[in-house]
Amino acid sequence: MTVGLLALAGLILLGLLSGSLGALVGIGGGVVIVPALTIIFGFDIKTAIAASLVAVVVTSITASGRYVRLGLVNTRLALTLELATALGGLAGGFTGTLVPSSALSVVFGALLVVTGILSLRGRGEHGEYVHTAGVAQAGWETSSPLGGAFWDERTGAMVSYTARRLPLGEGASFVAGLASGLLGIGGGVLKVPAMNLGMDVPVKVAAATSSFMIGVTATAGLSVYLGRGFLHPAVAAPLSLGVLAGALVGARFASSASPRALRSILGVVLVAVAIVMIVRGVG
Amino acid sequence: MRRDTNHALVASILRGGVGVGGVLLAVGLVIGIAAGDTSAPTLRLVDLFAPGPLHARFELAGILVCGATPGVAVLALIGSLAPQRDWRAVATATAVLAILVVGMILGHV
Numbered sequence: 005m006t007v008g009l010l011a012l013a014g015l016i017l018l019g020l021l022s023g024s025l026g027a028l029v030g031i032g033g034g035v036v037i038v039p040a041l042t043i044i045f046g047f048d049i050k051t052a053i054a055a056s057l058v059a060v061v062v063t064s065i066t067a068s069g070r071y072v073r074l075g076l077v078n079t080r081l082a083l084t085l086e087l088a089t090a091l092g093g094l095a096g097g098f099t100g101t102l103v104p105s106s107a108l109s110v111v112f113g114a115l116l117v118v119t120g121i122l123s124l125r126g127r128g129e130h131g132e133y134v135h136t137a138g139v140a141q142a143g144w145e146t147s148s149p150l151g152g153a154f155w156d157e158r159t160g161a162m163v164s165y166t167a168r169r170l171p172l173g174e175g176a177s178f179v180a181g182l183a184s185g186l187l188g189i190g191g192g193v194l195k196v197p198a199m200n201l202g203m204d205v206p207v208k209v210a211a212a213t214s215s216f217m218i219g220v221t222a223t224a225g226l227s228v229y230l231g232r233g234f235l236h237p238a239v240a241a242p243l244s245l246g247v248l249a250g251a252l253v254g255a256r257f258a259s260s261a262s263p264r265a266l267r268s269i270l271g272v273v274l275v276a277v278a279i280v281m282i283v284r285g286v287g
Numbered sequence: 003m004r005r006d007t008n009h010a011l012v013a014s015i016l017r018g019g020v021g022v023g024g025v026l027l028a029v030g031l032v033i034g035i036a037a038g039d040t041s042a043p044t045l046r047l048v049d050l051f052a053p054g055p056l057h058a059r060f061e062l063a064g065i066l067v068c069g070a071t072p073g074v075a076v077l078a079l080i081g082s083l084a085p086q087r088d089w090r091a092v093a094t095a096t097a098v099l100a101i102l103v104v105g106m107i108l109g110h111v
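So the protein sequences, as listed, match chains Y and B.
Going left to right, the first sequence walks through residues 5 to 287 as the working numbering numbers them.
Going left to right, the second sequence walks through residues 3 to 111 as the working numbering numbers them.
Any given hint might turn out to be false.
[To be verified] Quick list of simulated restraints, FRET-style, between CB atoms:
| id | chain 1 | residue 1 | chain 2 | residue 2 | range |
| --- | --- | --- | --- | --- | --- |
| 1 | B | 51 | Y | 13 | 28 to 34 Å |
| 2 | Y | 276 | B | 97 | 26 to 32 Å |
| 3 | Y | 166 | B | 32 | 45 to 51 Å |
[To be verified] Derived coverage of chain B by chain Y (criterion: at least 3 residues anywhere in the stretch with Cβ under 8 Å from a Cβ of chain Y; other residues may be distant):
| id | segment |
| --- | --- |
| 4 | 16-28 |
| 5 | 37-46 |
| 6 | 60-69 |
| 7 | 86-100 |
[Said to hold, decoys possible] Chain Y residues, not near chain B, derived (Cβ > 12 Å throughout):
| id | residue |
| --- | --- |
| 8 | 15 |
| 9 | 44 |
| 10 | 47 |
| 11 | 76 |
| 12 | 86 |
| 13 | 89 |
| 14 | 110 |
| 15 | 125 |
| 16 | 172 |
| 17 | 175 |
No lab work stands behind these hints, which were simulated from the structure alone.
Beta carbons: idealized from backbone N, C-alpha and C, even for Gly.
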């Protein structure tokens with residue numbers, strides 16, 4: 005396989021676009037990257053998934069470095085859920101390398117429909133949290149029960165929370181890991197609602213914790229694709245560099261852009277792409 | 003409640019990983035463009051020091067650094083949770099790390 009200069013520029017541009025979108029609307033790049041690599045660039049879906057997993061890892065370590073510093077990542081919660089997610093990622097990775105590419109296209113298309121609808125619906129805060137006086141620093145954590153505190157810039161107060169319904173979160177995390185390894189996505193689209201709506205974790209902490217987790221999960225899936233010979237570094241490298249630059253650009257404009265409008269556009273695009281993926285998979 | 007003293011270390015590891023990995027990826031890309039080499043072979047872990055296009059090996063090295071970074075971050079968490087005697091979290095983190103190692107080994111078998 006060869007990647008000419010035009011394709012190289014296209015891969016960097018795709019990474020830039022997905023990295024910016026990821027920073028602006030809080031999604032991993034996989035739902036954009038995998039369809040683009042298969043439909044526009046004509047790569048096999050397994051090559052696309054392997055390249056996407058590299059981009060997901062880069063997205064995760066770029067974003068979560070900042071979140072960890074701000075004390076928004078609950079590391080104990082991340083580790084607890086990651087046990088299920090990493091197992092799912094590994095299982096998904098092995099399954100993904102074995103099933104036919106056409107079946108993967110159909111499954112990916114179905115996932116895009118769900119993601120598109122979730123993007124159109126938007127993401128609101130769920131649950132009520134205690135504003136705590138006397139907690140000096142963000143990033144406090146409790147181990148039993150799992151919980152913590154973070155600084156809420158919007159209200160200008162320290163907020164404490166407790167994670168509930170852990171088995172539900174672990175179940176959703178396993179499914180998210182499976183989807184990550186199988187389809188080359190981050191899985192945040194499943195993990196964030198599971199943590200926020202299912203476990204009563206504030207959405208800021210859920211998004212930051214998920215961002216940290218997807219790097220570990222994607223690594224589990226990536227190791228299988230790497231070992232099975234589906235990774236083309238010359239495809240993944242320009243894509244990842246684009247993602248890196250896009251994440252920085254997106255973060256710069258995150259405060260001025262309208263996430264609601266972007267999410268609506270993304271939702272419509274994802275549903276349209278989903279139809280193309282399903283038709284290609286079935287055909 | 004307890005404050006994790008490891009947050010700064012973990013954040014540094016993540017930033018360092020993306021920095022080093024990003025540089026290796028960029029160097030590989032530049033070498034490929036400068037040499038006019040448009041080949042995009044599949045590479046496995048064992049191909050890092052094997053004969054092959056130089057640009058692809060630099061790119062693989064960048065990918066490996068980025069891929070190893072979350073694992074190193076988990077390792078740093080183990081190192082900081084152990085002095086706090088939070089053995090449940092230490093055991094969980096160790097199990098996560100073990101899954102990553104097993105995945106790497108099984109993937110290459």
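Against the structure, the hints come out as follows:
1. B:51 <-> Y:13: 28 to 34 Å: Check passed, 30 Å falls within 28 to 34 Å.
2. Y:276 <-> B:97: 26 to 32 Å: About 41 Å separates the Cβ atoms of residue 276 of chain Y and residue 97 of chain B, which means 26 to 32 Å is violated.
3. Y:166 <-> B:32: 45 to 51 Å: holds, 50 Å
4. 16-28: Since 8 is at least three, the answer is holds.
5. 37-46: holds (count 7)
6. 60-69: Holds, because 6 residues of the segment 60-69 of chain B bring their Cβ atoms closer than 8 Å to Cβ atoms of chain Y.
7. 86-100: holds (count 7)
8. 15: violated, 10 Å
9. 44: holds, 16 Å
10. 47: violated, 10 Å
11. 76: violated, 10 Å
12. 86: violated, 5 Å
13. 89: Label violated. Min Cβ-Cβ 9 Å, cutoff 12 Å.
14. 110: Holds, since 25 Å exceeds 12 Å.
15. 125: Nearest chain B Cβ is 30 Å from residue 125 of chain Y, so the label holds.
16. 172: holds, 18 Å
17. 175: At about 17 Å from chain B, residue 175 of chain Y clears the 12 Å cut-off, so the statement holds.
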